[in-house]
Amino acid sequence: DVKVTQSSRYLVKRTGEKVFLECVQDMDHENMFWYRQDPGLGLRLIYFSYDVKMKEKGDIPEGYSVSREKKERFSLILESASTNQTSMYLCASRDTSGVLYGYTFGSGTRLTVV
Amino acid sequence: KQEVTQIPAALSVPEGENLVLNCSFTDSAIYNLQWFRQDPGKGLTSLLLIQSSQREQTSGRLNASLDKSSGRSTLYIAASQPGDSATYLCAVFKAAGNKLTFGGGTRVLVKP
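Top to bottom, those sequences are chains A and B.
To convert, note that position 5 of the first sequence is 5 in the working numbering; the numbers rise steadily by one, no gaps.
In short: position in the second sequence from 1, add 1000, done, that's the working numbering.
It is worth saying that the hints were derived from the structure and are not from the lab.
Being a predicted model, the structure only gives us computed values, none of them experimental.
Where a beta carbon is used, it is the ideal one built from N, C-alpha and C, also for glycine.
Check before you lean on any hint, since a few could be wrong.
Reference listing, derived: stretches of chain B covered by chain A, where coverage requires no fewer than 3 residues with Cβ under 8 Å from a Cβ of chain A [stated by the list, open to error]:
hint : stretch
1    : 1035-1046
2    : 1099-1105
Selected chain A positions facing chain B (in silico; Cβ < 10 Å) [said to hold, decoys possible]:
hint : residue
3    : VAL4
4    : GLN6
5    : ARG44
6    : TYR50
7    : CYS91
8    : TYR103
9    : THR104
Here chain B stands alone, though its shape is the one from the complex (with noise of 0.2 Å):
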């Protein structure tokens, strides 16, 4: 059975600082993984696909890597703004089972 497991669940940074938040994962057969945004109270905004034959995706401030042998992703977020606060959620698409596996997630708090 997949598990995804992001570490910490919270932390809080200076503006900014860098952001590394981490997402591990124990089934490495996954087809894509995904890297979304939740603010309080609203819906998930995608923000990075990888696929799993893929090492690295950027958009703007965000890079996320993948390292499927070791089972890990990483989501780094570049001179971070309070506008970043929002818990980060990763999540694995495994295509047998066709199961979206979502970890925990980490609220992050970027303080002016």
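Chain A extracted, bound-state conformation (with noise of 0.2 Å):
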């Protein structure tokens, strides 16, 4: 089975802070993808990442930028956390190999920022 594994399930940060989310894949998918879920409003996409280093903006990319320098390995990085960040981060990759383009999550980062 595909892991997606975020490496913290909750953050706490202050107003200010650089924050990173990492994200690991272990099945060399290619593609990856960054959301966060707020109650109301659904799952968002943020970015996401076709292949290494390359990375398009999704519906609400302002206030964070990405990382791919690994197939393996996608981040987030929130540049000058606010509080209206605070939100479940969920990250995902998908299957590009065959015909299905399954996605596959992580387990979520709650992350609040004080």
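Build the complex: two chains, separate frames, hints provided.
Spelled out as structure tokens, the structure:
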């Protein structure tokens, strides 16, 4: 089974801090994604990456950046954390090797910015 | 723009009853549809994936059907158990635009 691992389950950071959320997948998937999930707003796509060093903005990229130096790792960076970035962050990877194109999600990181 | 709707937003059933969860989408030009389960405070677990050319998929007590022409999918969970209590999300993937669109989810409570 594909595993998508998010390094932290819970994080508490201060306003203005630079925050790194790490995600690693173990099945050589080319596509990786970062979503945030908020009550009443559902899941919203922040950024995605087709391959190493490639990235594309999703629906809500403002205040975020990403890094993909290796195929298995996709990092989400909050350049200067703000309280409105308190949320559940979910990383996903997608299988493009066959025809299924199924998504696999990690267990999530609950970030609180104080 | 693709819109995905799940109704009802919540339901409660006694243990042993069959669960029927609905998902509708506005644009039938989808590549696949995926059902997920989410426990409180946790990530998403994939349950079933249906390709656009398929009518249904089954895994254990779970069965998902897809009617692309009418823009509907249904997830059936047979003989529900308290451990089935969770939020169930459907998501449709459209290759053009490379986008996964989620429904708002149905929160299920199975009472012992």
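Task: Status of the hint placing TYR50 of chain A at chain B (closest C-beta pair under 10 Å) - done: 9 Å, holds
Task: Hint check: 10 Å Cβ-Cβ cutoff, VAL4 of chain A to chain B - done: Check passed: Cβ of VAL4 of chain A comes within 8 Å of chain B, closer than 10 Å.
Open item on the list: Given a cut of 10 Å on the nearest C-beta pair, is the interface hint for CYS91 of chain A held or broken against chain B?
Closed with: With Cβ-Cβ at 8 Å, under 10 Å, it holds.
Open item on the list: Quick check on the hint: THR104 of chain A CB to chain B CB, less than 10 Å?
Closed with: Holds: closest Cβ of chain B sits about 6 Å from THR104 of chain A, inside 10 Å.
- [ ] For the hint on TYR103 of chain A, just tell me whether its beta-carbon gets within less than 10 Å of chain B.
- [x] Status holds, d = 6 Å.
Task: Within 8 Å of chain A (C-beta), three or more residues of the stretch 1099-1105 of chain B - done: holds (count 6)
Task: Status of the hint placing GLN6 of chain A at chain B (closest C-beta pair under 10 Å) - done: 8 Å, holds
Open item on the list: Less than 10 Å between beta-carbons is the criterion; does ARG44 of chain A satisfy it with respect to chain B?
Closed with: Interface hint status for ARG44 of chain A: holds (9 Å vs cutoff 10 Å).
- [ ] Would you check chain A against the stretch 1035-1046 of chain B, counting CB to CB pairs closer than 8 Å, and say if three or more residues qualify?
- [x] holds (count 7)
In this structure, every one of the numbered hints holds.
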